[in-house]
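S.K.: Whenever a hint applies, use it, and build me the whole structure from the sequences.
Protein sequence lines, in the order shown, are assigned to chains F and L. With this note's numbering, the residue at position 169 of the first sequence is 169, and numbering never jumps. With this note's numbering, the residue at position 149 of the second sequence is 149, and numbering never jumps.
Bear in mind the hints are in silico, worked out from the structure with no lab data behind them. It is possible that part of the hints are untrue.
If several chains are the same, the list does not tell them apart, and a pair holds so long as it fits within one copy or across any two.
[Claimed, not checked] Mimicking BS3-like on lysine-lysine, the simulated pairs with C-alpha atoms at most 30 Å apart in a straight line are:
no., residue 1, residue 2
1, Lys209, Lys176
2, Lys179, Lys305
3, Lys343, Lys209
4, Lys366, Lys305
5, Lys343, Lys176
6, Lys79, Lys98
7, Lys98, Lys115
8, Lys263, Lys115
9, Lys197, Lys176
10, Lys305, Lys98
11, Lys366, Lys153
12, Lys263, Lys153
13, Lys179, Lys209
14, Lys366, Lys343
2 protein chains.
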Amino acid sequence: MAGTERIRRVANIVRRQQAAGHEVAVVVSAMAGETDRLVGFCREANPLYDPAEYDVVVSSGEQVTAGLLALTLQGMGCKARSWLGWQLPIQTDDAHAKARIEEIDSDAVLASMAKGEIAVFPGFQGIGHDGRVTTLGRGGSDTSAVAVAAAVKADRCDIYTDVDGVYTTDPRIVAKARKLTHVTYEEMLELASVGSKVLQTRSVSLAMKENVRVQVLSSFVDEDAPLADDLPGTMIVGDDELAQIQEDLDMERQMITGIAADKNEAKVILTRVPDRPGAVATIFTPLADASINVDMIIQNVGREKGETDVTFTVPAADLARTQALLEEHKGTIGFNRIITDGKVAKISVVGVGMRSHAGVAAAMFKAMADRGINIQAISTSEIKVSVLIDEDETELAVRVLHSAYGLDSSDEAA
Amino acid sequence: MAGTERIRRVANIVRRQQAAGHEVAVVVSAMAGETDRLVGFCREANPLYDPAEYDVVVSSGEQVTAGLLALTLQGMGCKARSWLGWQLPIQTDDAHAKARIEEIDSDAVLASMAKGEIAVFPGFQGIGHDGRVTTLGRGGSDTSAVAVAAAVKADRCDIYTDVDGVYTTDPRIVAKARKLTHVTYEEMLELASVGSKVLQTRSVSLAMKENVRVQVLSSFVDEDAPLADDLPGTMIVGDDELAQIQEDLDMERQMITGIAADKNEAKVILTRVPDRPGAVATIFTPLADASINVDMIIQNVGREKGETDVTFTVPAADLARTQALLEEHKGTIGFNRIITDGKVAKISVVGVGMRSHAGVAAAMFKAMADRGINIQAISTSEIKVSVLIDEDETELAVRVLHSAYGLDSSDEAA
Chain F
1 MAGTERIRRV
11 ANIVRRQQAA
21 GHEVAVVVSA
31 MAGETDRLVG
41 FCREANPLYD
51 PAEYDVVVSS
61 GEQVTAGLLA
71 LTLQGMGCKA
81 RSWLGWQLPI
91 QTDDAHAKAR
101 IEEIDSDAVL
111 ASMAKGEIAV
121 FPGFQGIGHD
131 GRVTTLGRGG
141 SDTSAVAVAA
151 AVKADRCDIY
161 TDVDGVYTTD
171 PRIVAKARKL
181 THVTYEEMLE
191 LASVGSKVLQ
201 TRSVSLAMKE
211 NVRVQVLSSF
221 VDEDAPLADD
231 LPGTMIVGDD
241 ELAQIQEDLD
251 MERQMITGIA
261 ADKNEAKVIL
271 TRVPDRPGAV
281 ATIFTPLADA
291 SINVDMIIQN
301 VGREKGETDV
311 TFTVPAADLA
321 RTQALLEEHK
331 GTIGFNRIIT
341 DGKVAKISVV
351 GVGMRSHAGV
361 AAAMFKAMAD
371 RGINIQAIST
381 SEIKVSVLID
391 EDETELAVRV
401 LHSAYGLDSS
411 DEAA
Chain L
1 MAGTERIRRV
11 ANIVRRQQAA
21 GHEVAVVVSA
31 MAGETDRLVG
41 FCREANPLYD
51 PAEYDVVVSS
61 GEQVTAGLLA
71 LTLQGMGCKA
81 RSWLGWQLPI
91 QTDDAHAKAR
101 IEEIDSDAVL
111 ASMAKGEIAV
121 FPGFQGIGHD
131 GRVTTLGRGG
141 SDTSAVAVAA
151 AVKADRCDIY
161 TDVDGVYTTD
171 PRIVAKARKL
181 THVTYEEMLE
191 LASVGSKVLQ
201 TRSVSLAMKE
211 NVRVQVLSSF
221 VDEDAPLADD
231 LPGTMIVGDD
241 ELAQIQEDLD
251 MERQMITGIA
261 ADKNEAKVIL
271 TRVPDRPGAV
281 ATIFTPLADA
291 SINVDMIIQN
301 VGREKGETDV
311 TFTVPAADLA
321 RTQALLEEHK
331 GTIGFNRIIT
341 DGKVAKISVV
351 GVGMRSHAGV
361 AAAMFKAMAD
371 RGINIQAIST
381 SEIKVSVLID
391 EDETELAVRV
401 LHSAYGLDSS
411 DEAA
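M.R.: What follows is the structure, encoded as structure tokens:
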């Protein structure tokens, strides 16, 4: 949210939703720049800040927006009231600055909504078992929205974001990318975790767990534009609902739903690791202990008898820490050299349709080979195939695959 | 409080107080300009704002300072934690935006302080019986400080303000004004309510009721200056403690403690009001109903038989409303003309010493008459004599009285 003008625009959308017959609960984020300002204050006060006090400071941003949105709605003649995290309460664990929602007591809110009051919640905040304010970590307002939607048993959770929906791939790379009308939770998770930063991953996991229908919409729409009911963004739903929709529309399921690219990975190769039981554990245990998230792992056949090369990827931001940890454990692991490469990209094709279609991976490898793109590593899951390639070939690979899987729209995307 | 630099200075004072052996609880106000910013947002959102939502928004200012002060203290190696109004709780009534503190549950705070933790409270806020955030009205942080001091049974409540203490009169008017080492609660109330805007009147009333010793100090002192214990401002205490101090120091009680001037009054004269029982009630009932605070009232002997002139004062800000109300009730009251004068000042001499000294008022009238200052109205209380004069003679009158009662210091005040 930006300033009070932006709040007025949001209020207008909410008012129109209520006028259209909906009971409405709204979860708000802080005004633009506000969270950064508050985090800056905390850093100035104490660079090694206590997360419990950090939460007291930064949660105020959403608190302010919630009060102002309630005031603005009242000014438009609606009944509205704010509900702070500790008032419901929105119960979280005690992990300050990165808390997880455990339970929301919605009785009071439901009673209020039944009286025609619009319920306004500050996102991103809750209360711990210690009785103190908690926050859910950056981007936590998406998760709050889904949790509140589940608690009030909402028909739908509309999340207004920087984009107007989920696309088959990044429209900045492929002009013919199409906006998807529907994706499943699992597809969204795979697309999000490999770089389509539309929603926080945790919010999608929670929506899947609680079976909340989530709609991704643009927050930049004109306030007089058709309502979200009539002009949908992308609806995130369960497998069953998607299957039903496709049956109703007599559509055939596409094999691939979307293609994601992620340049934030780095490749690490350890050469000449002893090829004996437990060797791999000596590599990855110290990294796990340091909360470094290892993604793809490939163990090559060793050139020397009794030795093997091990390749894996880590987030680029953790590369330096990874190297230091591996050097520290060099004696235990027993490798020869560390070779690193930060100039790699992970390209993933995602789709629940691949469960029932063979040959997705083969089609991928062939399309890339035809254009001379070298694949450095491969990993697969039930609904995803990912390959690691040279970062410079990212855009080329995405365009080639988008065409190969028949995702290009006939019209260029806006 | 200004920005984080100001918070660091406050933290330094607190840290040194703790190092000197005190258990410390701190009540903070919002950072400079923050409350105005938040109030501005509320007005933009809805000019006729709901005070309950207004409280949600504006209370965030103190919440931020409290978290930041706790963080800053921790950065200095102190144990510290913040306690929001709803956490103790600081129980108030439900009069949002102007709530009154009813009770503070201090058990948890006392346990925390006993462990060596500095307790940091956002001032100005509490929680109503409706379970929602309340604020105490502008300047409410003084009242919060006194209430917290009472709840934790503090030896002393130091309030850091824009001034370094309470003076015999405004040092900008009388260069020879002296800083008082002690005043009583009642004197402070009279001085505050007639224009010495050092502390909020409510905070002094509460201190008197709860018997909290309050010290007024400058918040602009150098953080390395001697501590408040050694370099006192003005201590506000009960009659008994003051008497004991004076006995200990073998001091004689001054007849007059201080002189206050208030230019925010306006005079109203109603001419030829019928001189019959109940006539005065017809004047003041409508004003009371409109919450207009009538101060001095003088009924002059009528020039015509059966008629009288009635003179009184109201806050200058309420003069227009007062005139309109009187015109509206002209038929019932039955006066001839309204004469108003906004260019008046009320000069008050205040001191518990006048209880045991006769002739205070006589000395006042004589001193003023000697300088040709005309007295338009007089009112008295047990420890105060006030007169209404021409506003242009305010400074002259204050200087004349300051000398007449022997209050001038031998050194000029800083």
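S.K.: Within a copy, between copies, both or neither: where do Lys305 and Lys98 come within 30 Å Cα-Cα?
M.R.: Neither, since 47 Å and 82 Å both go past 30 Å.
S.K.: Have a look at Lys366 and Lys153 and pick one of within, between, both or neither, based on CA distance no larger than 30 Å.
M.R.: neither (46 Å within a copy, 80 Å between copies)
S.K.: Check Lys366 against Lys305 for me: Cα-Cα at most 30 Å, and say if that holds within a copy, between copies, both or neither.
M.R.: neither (32 Å within a copy, 116 Å between copies)
S.K.: Have a look at Lys209 and Lys176 and pick one of within, between, both or neither, based on CA distance no larger than 30 Å.
M.R.: neither (33 Å within a copy, 75 Å between copies)
S.K.: Between Lys179 and Lys305, at a C-alpha cutoff of 30 Å, which is it: within one copy, between copies, both, or neither?
M.R.: Answer is neither: 52 Å inside a copy and 92 Å across each miss the 30 Å cutoff.
S.K.: Please work out whether the CA atoms of Lys366 and Lys343 approach to 30 Å or closer within one copy, between two copies, in both situations, or in neither?
M.R.: Answer is within; shortest intra-copy Cα gap is 23 Å, inter-copy 93 Å.
S.K.: Checking an output row: Lys79 and Lys98, CA cutoff 30 Å. Within, between, both or neither?
M.R.: Answer is between: at 23 Å across copies they meet the 30 Å cutoff, but 33 Å inside does not.
S.K.: Tell me, please, which holds for Lys263 and Lys153 at an alpha-carbon limit of 30 Å: within, between, both or neither?
M.R.: Result: close neither inside a copy nor across copies, 38 Å intra and 60 Å inter.
S.K.: Are the CA atoms of Lys98 and Lys115 at most 30 Å apart within a copy, between copies, both, or neither?
M.R.: between (34 Å within a copy, 27 Å between copies)
S.K.: From the Cα coordinates, with 30 Å as the cut-off, is the pair Lys179 and Lys209 best called within, between, both, or neither?
M.R.: Classified as within: same-chain Cα gap 25 Å, cross-chain 68 Å, threshold 30 Å.
S.K.: Since the copies are identical, ignore which copy is meant and state whether Lys197 and Lys176 lie within 30 Å (CA to CA) inside a copy, between copies, both or neither.
M.R.: within (19 Å within a copy, 69 Å between copies)
S.K.: Should Lys263 paired with Lys115 be assigned to within, between, both, or neither, using CA atoms and 30 Å as the limit?
M.R.: Intra 50 Å, inter 50 Å, cutoff 30 Å: neither.
Checked against the numbered hints given earlier, the structure breaks hints 1, 2, 3, 4, 8, 10, 11, 12 and satisfies all the rest.
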